[in-house]
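Given only the sequences and the hints, what does the whole structure look like? Please build it.
If you use mature numbering (1 follows the signal peptide of the UniProt record, and there is no 0), the sequence shown corresponds to residues -19 to -1, 1 to 86, in order.
Treat the hints with care, as some may be off.
As the list claims (entries may be wrong) - Here are the computed lysine-lysine pairs in the DSS-like style, where the Cα-Cα straight-line distance is at most 30 Å:
hint: 1; residue 1: K80; residue 2: K21
hint: 2; residue 1: K80; residue 2: K64
hint: 3; residue 1: K84; residue 2: K21
hint: 4; residue 1: K77; residue 2: K21
hint: 5; residue 1: K84; residue 2: K38
hint: 6; residue 1: K74; residue 2: K38
hint: 7; residue 1: K74; residue 2: K64
hint: 8; residue 1: K74; residue 2: K21
hint: 9; residue 1: K80; residue 2: K38
hint: 10; residue 1: K21; residue 2: K86
hint: 11; residue 1: K86; residue 2: K64
hint: 12; residue 1: K77; residue 2: K64
hint: 13; residue 1: K64; residue 2: K38
hint: 14; residue 1: K84; residue 2: K64
hint: 15; residue 1: K21; residue 2: K64
hint: 16; residue 1: K38; residue 2: K86
hint: 17; residue 1: K77; residue 2: K38
hint: 18; residue 1: K74; residue 2: K84
hint: 19; residue 1: K38; residue 2: K21
As the list claims (entries may be wrong) - The calculated label-pair distances, taken between Cβ atoms and stated as ranges, are:
hint: 20; residue 1: T32; residue 2: K84; range: 18 to 26 Å
hint: 21; residue 1: K86; residue 2: I19; range: 18 to 26 Å
hint: 22; residue 1: A30; residue 2: D73; range: 16 to 24 Å
hint: 23; residue 1: K86; residue 2: V39; range: 16 to 24 Å
hint: 24; residue 1: S(-13); residue 2: I19; range: 45 to 53 Å
hint: 25; residue 1: D50; residue 2: E22; range: 17 to 25 Å
hint: 26; residue 1: T(-16); residue 2: F70; range: 50 to 58 Å
hint: 27; residue 1: H33; residue 2: K(-18); range: 49 to 57 Å
hint: 28; residue 1: D73; residue 2: T23; range: 24 to 32 Å
hint: 29; residue 1: Q18; residue 2: M(-19); range: 50 to 58 Å
hint: 30; residue 1: Q20; residue 2: E54; range: 19 to 27 Å
hint: 31; residue 1: T34; residue 2: K(-18); range: 57 to 65 Å
hint: 32; residue 1: T68; residue 2: I(-9); range: 48 to 56 Å
Just so you know, these hints were derived from the structure itself, not from any lab.
Every residue, glycine too, gets a C-beta built ideally from N, C-alpha and C.
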Amino acid sequence: MKKTVVSSFLILLFSVVLAACGTAEQSKKGSGSSNSQIQKETAYYVGMADTHTVEVKVDNQPVSFEFTDDFSEVLNEFNENDKVNITYFTNDKGQKEIKEIEKAK
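What follows is the structure in structure tokens.
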């Protein structure tokens, strides 16, 4: 009886460990694929929607982009309707994240 309980416990433990390993590998692959799909847009700056989101107009439609603190100073230099070039990727949550933004020439 004890042998059966111990064997069942070990099989269950081994299954959980294997499941956790599979999930970690899938997460690594998922985040790598989103960064590889870099896109570029030319847009018109509207303004900051909040402390980590900026809004621009692309083809006269509002589009939101997430940004990190690295871009705060750059974004403060833009005025409404400034033409900007944005390089971004779509993260695993479906949000567009800025990699680079600058005034268009």
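Evaluated hints:
no.: 1; hint: K80 <-> K21; verdict: holds, 10 Å
no.: 2; hint: K80 <-> K64; verdict: holds, 17 Å
no.: 3; hint: K84 <-> K21; verdict: holds, 13 Å
no.: 4; hint: K77 <-> K21; verdict: holds, 11 Å
no.: 5; hint: K84 <-> K38; verdict: holds, 14 Å
no.: 6; hint: K74 <-> K38; verdict: holds, 21 Å
no.: 7; hint: K74 <-> K64; verdict: holds, 27 Å
no.: 8; hint: K74 <-> K21; verdict: holds, 19 Å
no.: 9; hint: K80 <-> K38; verdict: holds, 18 Å
no.: 10; hint: K21 <-> K86; verdict: holds, 15 Å
no.: 11; hint: K86 <-> K64; verdict: holds, 8 Å
no.: 12; hint: K77 <-> K64; verdict: holds, 18 Å
no.: 13; hint: K64 <-> K38; verdict: holds, 9 Å
no.: 14; hint: K84 <-> K64; verdict: holds, 6 Å
no.: 15; hint: K21 <-> K64; verdict: holds, 13 Å
no.: 16; hint: K38 <-> K86; verdict: holds, 17 Å
no.: 17; hint: K77 <-> K38; verdict: holds, 14 Å
no.: 18; hint: K74 <-> K84; verdict: holds, 27 Å
no.: 19; hint: K38 <-> K21; verdict: holds, 14 Å
no.: 20; hint: T32 <-> K84: 18 to 26 Å; verdict: holds, 22 Å
no.: 21; hint: K86 <-> I19: 18 to 26 Å; verdict: holds, 20 Å
no.: 22; hint: A30 <-> D73: 16 to 24 Å; verdict: holds, 21 Å
no.: 23; hint: K86 <-> V39: 16 to 24 Å; verdict: holds, 18 Å
no.: 24; hint: S(-13) <-> I19: 45 to 53 Å; verdict: holds, 51 Å
no.: 25; hint: D50 <-> E22: 17 to 25 Å; verdict: holds, 22 Å
no.: 26; hint: T(-16) <-> F70: 50 to 58 Å; verdict: holds, 52 Å
no.: 27; hint: H33 <-> K(-18): 49 to 57 Å; verdict: holds, 56 Å
no.: 28; hint: D73 <-> T23: 24 to 32 Å; verdict: holds, 26 Å
no.: 29; hint: Q18 <-> M(-19): 50 to 58 Å; verdict: holds, 56 Å
no.: 30; hint: Q20 <-> E54: 19 to 27 Å; verdict: holds, 24 Å
no.: 31; hint: T34 <-> K(-18): 57 to 65 Å; verdict: holds, 59 Å
no.: 32; hint: T68 <-> I(-9): 48 to 56 Å; verdict: holds, 50 Å
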